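Now for the letters of each chain:
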Amino acid sequence: MIEKLDVIGKQALEDLKSASSLELLEQLRVSLLGKKGALSEVLKGLGAVSADERPKIGAAANEWKRRIEETLEARKAQLETVALEAQLKSQRIDTSIPSRLSHRGTHHIITRTTRRLLQTFQRLGFDVTTGPEVETEFLNFEAVNIPKDHPARDMQDTFFMGPGVVLRTHTSSVQMRTMRSRQWPVRIVCPGAVYRSDHDATHSPMFHQVEGLWVDRGIKMSDLKGVLAFFARETFGPEVKVRLRPSYFPFVEPGAEVDVSCFQCGTKPVSTCKVCRGSGWLEILGAGMVHPRLLELAGYSGDDLTGFAFGIGIERIAMILHGVPDLRLMFSGDSRFLNQF
Amino acid sequence: MKISWNWLSEMVDLSALSGPDALAALLTRRGLEVEEILPQAQGFERVVTVKILERNKHPEADRLSLCKVSLGSGEPLEIVCGAQNMKAGDIVALAQIGARLPNGLKIEKSKIRGVVSNGMLCSETELGLKKESEGILILPETTPLGEPLAKILGLDDTILAFKLTANRGDCLSHFGMAREVAAALGVKAKRPDAAALPQATVSPISIHLDAGEAGPQFYGCLIDGVKVGPSPAWLVKKLEKMGSRSINNLVDATNLVMWELGQPVHAYDADLIEGKEIRVRTAKEGEELPLLDGTSIKLAGNELVIADAKRAVGLAGVMGGGNSEVRDSTRRVFLECAEFDPILVRRASSRHQKRTEASHRFERGVDPAGLTHAIARLSSLVLELAGGKVAGVASARLPSRAQLASREIRVAPDYFPRFLGMKCAPEQALKILTDLSCEVVKGAEDWNVRVPSWRKDLSLPQDLAEEIARTLGYDQIEETIPVLSSAPRSSWEDSSAGYVLMNQAKDALVAAGLSETINFSFTSRAELKAFDLASSAVLVNPLSEELEALVPSLLPGLVKNAIDQWSHHFGSESLAIRLFELRPTFSASGPIQAQGEMETGVKEAWKLSFVVSGPRYAQALQVEQAEVDFYDIKAIAESLFQALGARGVRLLPMSESRKGPHPLFHPGQSVEILAGNEVAGAFGLFHPGKARALKTRAPLWIGEIDWSLLAKQSRSPVKQAEFKPIPSFPPMERDFALVVRSDLPVDKITQVALKAGRPLAKAAKIFDIYRGSQVAEGMTSVAVRVIFYEESRSLQESEAEAASNQILAAWKKELGAELRG
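Here the protein sequences line up with chains A and B, keeping their order. The number in my numbering is simply the position in the first sequence, starting from 1, with 411 added. The number in my numbering is simply the position in the second sequence, starting from 1, with 50 added.
Excised from the complex, chain A in its bound form (with noise of 0.2 Å):
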C-alpha cells in the first residue's frame, strides 16, 4: 500500500508542477485530496490492512498529503503572479496624456501683499481697522493737522465728490475716525484704497495703502524704527535694512521717509540692479511720530502721551516683491497678469 501511496504521491507532486492554469490546479486538487481524491480511494483499503501496519501507513499519507498541499500553494503562488502580470501589462495607462486640470484662482497680489503686511503687524500687537474711501475733508485733512489753504495739501491732488467730501487721499483720515471712537493705547493697522487725481505711468489715480498708528505713553521715535526694520526684515529678507531720511508730513513731528537696502543686491549696489536701479535702497513708506495737534483733536490727553504713525504703499511693496515693471498692469484685469501669481 505504501507503495501505491508513493506512485500516486510522485506523479501528483509531478502533475501540479506542471499544471498550466489554476483552473487546472484546481481540478489536481480535487482529484487527488477531494473525497472521491485517488489519496482517498487508496486509504479506503486500509481497513484490510494490519494494526501494526496502518500507522505507518497513515503517517506516509499524511506526509504525501503535506507534499501535495505544499507543492499545491506554491505553484497557485506562482500561477497566480503570472496572471496578475499578465493583467496588469494590459491595464497599462498613457500617463502622459494631459490631465483634467481644474482652474486655479488667485489672489490679486495687492490682496497678497496686504495680507503679509497686516499679519506681520498683528504679531506686533495691531489691530486691523478700517474706514470709509469717501471721506470728509475734515477727516482726511483738517484732523491730520493740513488745514485749508496749506501748501501741503498740494502734495495730495484731491478728487472732491461735493462740498467738504473728498475720496480720501490716504489711510491717515482712519486715525482720527479710529481715535475718536476710542480711548488710548491705540494699536491699529488701516488697509484700503486711496486716490489722487494724478495719472501716468507712475502714478494711479487710484492705489492702496496701509496706515499703522501707535499712540501710547512713552513712545519714542526708536519704536517707530524698530517696528518698521523688523516689519522690513519679515517683508524682504533677514539681511534687510532700513534707513530713516527727514522729511515732512503735516500729521506727524519728526517726520521721515523710510527706505530699506535693495534685497537684491544688498550692501554692494550695481547699477544694473532691477530692484533698486544701482541705488541700493528702496523708498517704501513715510512715516514720524504723531503730531500732538492729532492727539489734542482726538480729545486725548495724558502725561507723555506721544505716538507714531506709518503710511505703506501697497502697489510700490507689490512691484518690489515680484518684480512686476508696470504699475498700470496692477488694474488691467488682465488674466495673463492675475494668474501668475
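The set of hints was computed from the structure by calculation and includes no laboratory data. Note that this is a predicted model, so its numbers are computed, not measured. Each residue gets a CB set at the ideal place from its N, CA and C atoms; glycine is no exception. Errors might be hidden in some of the hints.
Unchecked claim - Distance condition first, Cα-Cα at most 20 Å in a straight line; then the derived SDA-like pairs of lysine to any residue:
1. Lys-652(A) to Gly-471(B)
2. Lys-506(B) to Pro-562(A)
3. Lys-506(B) to Asp-560(A)
Said to hold, decoys possible - Selected chain B positions facing chain A (Cβ under 8 Å, derived; list incomplete):
4. Gly-81
5. Tyr-549
6. Leu-559
7. Val-560
8. Leu-593
For chain A, the structure is supplied; the task is to place chain B on it using the hints.
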C-alpha cells in the same frame, strides 16, 4: 528749487565739501532732498581759449588751414582746421590732446594729410552748445587766453535741483540754503551786501496798509533817473541758471533778490502810479486787473491787491500789474518789498491759476525780519545796474511787525534723547540749536529756546527734536520694539471680523478657480449707461470723463475686463475668463455735502461680483471638455455660501422675482439670491441683448451679491462650526423614476419628498433627468433617490416602504408626478 554751487559759494565756505555730490548728500541727509545734480559743462575739460596768431594754407590740402595758436604763454601750437570763418587775431576754443568733447569725440595727437595737429578748434555744435552752427566758435576779443572755456562761458558750475517740503520756505533762496549749509558745517553764512538806505524820508509816494494783518509791512524806495537797458552778462547767466529769462536790468534785479534772499520784490514805473499813493487793500468785487503776463483777471473781492489812488496795480504776492510795469522808457522806478498773508496769497494764486515764484514763497511765509535788508539790497542793485538816485524811502508796518516777538519753545534737554530714542547729551543739543541760530536761555530745569524769525516751522518741542535728530543723523536713532501696555483688542468685538469674513469669501472664490481683480472705483457715465446704470456719486473734479462716476455696480468693470481679454485673444480655443471682485460701490441720495465732521452722506455698499466664461476645465481632452453653463456658476455660488457657513440663502428663478426681471440677466437662465428675506443679488447668463450690444464673443456668466446681506447670513469668523454625530446605523436608499411636467422646477420634487417622508427621509437628491422620445411630449423623467435614516437604530424594510408610499402620494397630489411605467 534750483541752487547754483558757485552762487552758493559766494555766501558760504564750501571748501569742507569735496564737491556738489557731497553737498547733495549732506543736505538730503538733513531732509532737504536733492532730486538731481546737473553739471553745467560736461566734456569741457581740456578745452581752453586761444588766439590765432597765423592762419596759413595746409601744404597738402586746399580746403584745410594750418593755424598757429597761442595759449597766452608757452610755445604756440600748430592746429589743422577745416573751418573757413576764422582769421588771425580771433580768439577761439581749442580742444587739447586728451579732451573728450560732449559729442563723444576724443582728441588725439594725429597727422592730417602729413601735418601734425595738436588739437582741434571747436564749433558750438562740437561743444554741444547748439544743434547747428557754421564754422568754429569765435569768442569776444576781450576774452582772456589759456582759460578753461567752461569758466569763460560761465558753465563751470553745478546746479542742484531740490524737492523741498512745504515746511522749509526759508530755504527757497541761495542765502536760505547757505544758512542751512553753514549750520551743518559749523561755519557762518554771508548775506549779500547792501548799502544802508537813508532812513525813511518824505517820500513822494505814500504807503497805506488798509488790509491790516493781511499785509502787515511794506517798504518802498523811489529811484529817479534810472536807465532801463540790458543786464550785464553775470546777471543774465545767474538768472539763466535758475531757468529764468533776462528781461531788463530793473526786472532782473528784482528776480536776483528773490533768488538770493527768498524775498519776492517788485518794481513799478513810478510815473504810472496815480495819486502818489500805494495801498495794500482787499480787492473790490468785479475789479479788473491786467497782469504782467498779458492776461487780465476779474477780481473776486477777497484777494489782496496793491493799488494806487485809482486802481489795482498788482495782485499782492502773486504778480505785478500790466498797468504799472517797468518799460524801456521808465525813468522813475518805485521798488516794493512787502509781507503778505500766506493764505490770501495762496487763495488768490489758485483762484486765478497764477502759480508764480513769488506766490510759492509767500505761501510758505517769508522772513518777516528780512524785509529791510531785501529792500536795501534791491535798491543797491538798481543803482548799480541802472543808475539814478534815491528820491525817497517810505515804509509802513503794523505794531506786530515793528516789534517782532520771537517764538519761544520751552523744553527740557533730556526730552530729546527720551523722545527720539537716541543718544544726545545736553551740550550736543545746545550746539546744534545754536548753530541753527536759535538762542537758548537755560533755566533751572527747562531751556527757553528762541527760534530765528525765518524758521516758521519751529514752534513745538517736537520740532526742535527733529532739528536735533536730523543734525545728528536719523541713522543714530536706535531700533527698539515698544512694549504692549495692554492686551490686544478682543477679536470677538473687533471691527476686523468683517475684514476676516471678506478674506474667507475671497479664499472660497479662489478655491473655485476664480482670480481676484481690482478695477478703478470710477468710470464714465456712458459705460454705466450701457448697463442701464447711473451713478449718484460723481466727482466734481475728475481727471477725465472716462473716470468721473463712482460705480454703483462692479459688473460693468468686470464685463469690460472680459471684453478686453477677448480683444487680445487670438487662439482657436475658447478663452477662460474667471474673475471676481470684492470692493465697495457708491451711492448718494441727494447732493453730496459733508454733514458735520464725520459724515459724507455717501453710502458705500461692498459687492462681491464675478464673471465666468469659457471652458469648464483649464485643460482636458476635447471629449471631456465643455463650456461652462449655469450649473457651473451655481456650483461657484454654492461653494461660496458653504465656505461662509451662510444659512437662509435661497435661489429663486428670475422669472419669479418680486422685483421683476433684472435687465442684465437672461430671464430664463438666472436666479435671484435671497438672503433671509432680502434680495441680495443675482447670478446667471449675461443678457443676450446687452451681450450683442457690447459685442461679447462668448456667453458670459455674471453674478453680483450685496456683501453686507450675505455677511449677515454668514457664520461669524469667531464662531466655530458645530459637530453633528456621524451616522452609526446604515441608511436605506430608495430610487424612484418619476414623470413630471417639464416646467416643474425639480427641486420641488426633493422638497416634497423631505416634507412628506418626515421623520425618516433625511435626504433626497435628483440624480438623473431625461427628456425625449421615451416620455410623453411636455413631460420629463426625473430619477430621485431618497435616503431614510434613524439615528438610534436600524430601519425595517416596512418602515422605508411606508415612508416611500407617503412620499409617492404627496408627489402625485402636489406635483401630479407619476411613477414611470
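Results of checking the hints against the structure:
1. Annotation: proposed proximity of Lys-652(A) to Gly-471(B) holds, straight-line Cα distance about 18 Å (limit 20 Å).
2. For the hint linking Lys-506(B) to Pro-562(A), the alpha-carbon distance of about 13 Å falls within 20 Å, and the restraint holds.
3. A threshold of 20 Å between alpha carbons decides the hint, and for Lys-506(B) with Asp-560(A) the separation of about 16 Å falls inside it, so the pair holds.
4. Look at Gly-81(B): its Cβ gets to within about 3 Å of chain A, closer than 8 Å, so that hint holds up.
5. Taking 8 Å as the C-beta cut-off, the interface hint given for Tyr-549(B) holds, the closest approach to chain A being about 5 Å.
6. The beta carbon of Leu-559(B) comes within 6 Å of a beta carbon in chain A, closer than 8 Å, and the hint placing it at the interface holds.
7. Given hint, Val-560(B) at the interface with chain A, holds; its Cβ is 4 Å from that chain's nearest Cβ, closer than 8 Å.
8. About 5 Å separates the beta-carbon of Leu-593(B) from the nearest beta-carbon of chain A, less than 8 Å, and the hint is met.
Checked against the numbered hints given earlier, the structure satisfies every one of them.
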